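Asks: Now for the letters of each chain:
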Amino acid sequence: MKLKVYVVELDLSSRQKKIVRAAVVTGAVIGALGIGVAIAAPIDTTWITGGAQVSATSLKTDLDGLQTQITAGRFVGTIGGQQYSVGATAYVGVTATFNGLQVGGYTGAKQKCQAAFMASSHMCTTEELARSAQTGVAMPANPGWYSASTRDGTGVGSAITNDCFGWSDSTAGGNNNGAIAYQAGSTVAFSLGTCDQTNPILCCD
Amino acid sequence: MGIEIKINIDFTARQKKIVRAAVVMGAVIGALGVGIAIAAPIDTTWISGGAQVSATSLKSDLDGLQTQITAGRFVVTIDGGQYSVGATAYCGSTAQTVGDMSGLGGPMGYAGAKQACQNKCSPAAHMCSAEELTRSAQLGIFPSTGWYASGVGHTSNTQTVTDCDGWTTSATYSGGVYQPQGDPGYEACSIANPVLCCD
Chain A
1 MKLKVYVVEL DLSSRQKKIV RAAVVTGAVI GALGIGVAIA APIDTTWITG
51 GAQVSATSLK TDLDGLQTQI TAGRFVGTIG GQQYSVGATA YVGVTATFNG
101 LQVGGYTGAK QKCQAAFMAS SHMCTTEELA RSAQTGVAMP ANPGWYSAST
151 RDGTGVGSAI TNDCFGWSDS TAGGNNNGAI AYQAGSTVAF SLGTCDQTNP
201 ILCCD
Chain B
206 MGIEIKINID FTARQKKIVR AAVVMGAVIG ALGVGIAIAA PIDTTWISGG
256 AQVSATSLKS DLDGLQTQIT AGRFVVTIDG GQYSVGATAY CGSTAQTVGD
306 MSGLGGPMGY AGAKQACQNK CSPAAHMCSA EELTRSAQLG IFPSTGWYAS
356 GVGHTSNTQT VTDCDGWTTS ATYSGGVYQP QGDPGYEACS IANPVLCCD
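Read top to bottom, the protein sequences are chains A and B. Per the working numbering, residue 1 is the first one in the first sequence, and the count goes up by one each step. Per the working numbering, residue 206 is the first one in the second sequence, and the count goes up by one each step.
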């Protein structure tokens with residue numbers, strides 16, 4: 001496919017310069033934060049107006065911006081008005097410590113991760129921790145809660161993992177337990193913890 | 206700084222027609238209110254070799270690509286079947302069925318579960334996985350009790366949990382069920398539950 005284009009002028013408009021300046025400042029701030037998450041910002045197309053000429057430089061910036069987001073493979077979806085990161089997400093850190101009840105359900109877990117990191121952060125799932133482990137992301141040495149979202153075990157006296165009954169139980173040695181993970185030497189160990197334990201929440205983003 | 210490439214932006218009659226169609230389609234999708242962020246693929250048929258490019262249409266396409274990326278939900282086609290990935294969540298439940306999916310009127314197995322979910326939500330819908338239900342629960346979306354694909358097999362004190370042998374049996378084994386408040390559990394495959402669908 002061929003596009004018919006021609007060179008007309010060399011200067012950026014004041015608006016374009018403003019946008020470039022803003023982009024540079026934003027990029028610098030994000031880089032300075034050093035939060036360990038590759039943030040690929042949405043592109044800005046407000047510089048394009050009907051009837052006006054199109055800047056090749058700005059067009060290139062936008063196309064590169066789209067490609068950067070796709071290459072990063074991490075996307076932030078909004079469901080029910082809340083942000084949630086998907087795709088190439090990984091472990092980013094821990095919250096303060098809570099027992100299984102104090103986690104406050106799945107919504108409480110997400111809120112605590114959001115407060116500790118960013119709006120799209122959430123309690124890690126098995127799949128995210130497996131990806132983190134395979135890519136060499138170090139876990140904390142002490143155990144942290146994560147969501148296994150499956151149940152193992154059957155009744156009293158057996159070890160049941162069920163996300164501490166949806167993160168609503170703090171009973172010691174009862175029917176419910178929660179999944180935990182931690183760094184064990186060169187690998188990551190997955191196990192279960194009784195719901196009375198106080199562990200941090202493993203957050204992913 | 207830099208060299209600018211400038212492109213004429215006049216609409217042709219065909220481009221105007223496409224824009225009008227896009228506006229109408231957008232209004233219809235909005236009116237449907239299906240609860241799923243639908244980010245439609247862009248249309249580039251308005252670009253033809255040797256012709257001028259419309260700035261408005263170009264902006265529309267760039268915005269369309271960004272909208273799809275921002276939504277974070279993508280519909281892929283695998284072996285001719287659609288499947289949504291990314292920012293998916295619980296979208297509805299099917300009719301009740303025992304573990305072999307015989308209550309859904311379609312084939313057994315994971316395929317039968319997906320077919321029923323397609324009828325419930327969209328062609329890209331499917332039986333929820335543990336990861337999708339965890340995401341839903343963290344976002345405050347809690348379905349009623351139903352089957353989901355845990356994708357793991359394990360033997361507990363009295364039951365062998367195997368996704369009801371790949372959702373093909375109602376006689377033995379157990380399958381994962383998700384319960385209100387997000388408590389993960391399992392039940393014998395002879396018990397009837399709806400399939401939890403995600404999209």
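A couple of the hints might just be wrong.
Some chain A residues close to chain B (C-beta under 10 Å, calculated; not the full set) [as the list claims (entries may be wrong)]:
{"hint": "1", "residue": "Pro-42"}
{"hint": "2", "residue": "Thr-46"}
{"hint": "3", "residue": "Ile-70"}
{"hint": "4", "residue": "Phe-75"}
{"hint": "5", "residue": "Gly-77"}
{"hint": "6", "residue": "Lys-110"}
{"hint": "7", "residue": "Thr-135"}
{"hint": "8", "residue": "Val-137"}
{"hint": "9", "residue": "Ala-141"}
{"hint": "10", "residue": "Arg-151"}
{"hint": "11", "residue": "Asp-163"}
{"hint": "12", "residue": "Phe-165"}
{"hint": "13", "residue": "Val-188"}
{"hint": "14", "residue": "Phe-190"}
{"hint": "15", "residue": "Thr-194"}
{"hint": "16", "residue": "Asp-196"}
Because the hints were derived from the structure by calculation, they are not lab data. Quick caveat: nothing in here was measured; it's all calculated off a predicted structure. Using N, Cα and C, we set each Cβ at its ideal position, and we do this for glycine too.
Asks: Work down the list of hints and note, for each, if the structure agrees.
Replies: Against the structure, the hints:
no.	hint	in the structure
1	Pro-42	holds (5 Å)
2	Thr-46	holds (9 Å)
3	Ile-70	holds (7 Å)
4	Phe-75	holds (3 Å)
5	Gly-77	holds (2 Å)
6	Lys-110	holds (4 Å)
7	Thr-135	violated (17 Å)
8	Val-137	violated (18 Å)
9	Ala-141	violated (25 Å)
10	Arg-151	holds (5 Å)
11	Asp-163	holds (6 Å)
12	Phe-165	holds (5 Å)
13	Val-188	violated (18 Å)
14	Phe-190	violated (12 Å)
15	Thr-194	violated (17 Å)
16	Asp-196	violated (18 Å)
The structure fails to meet hints 7, 8, 9, 13, 14, 15 and 16 from the earlier list, while all remaining hints are met.
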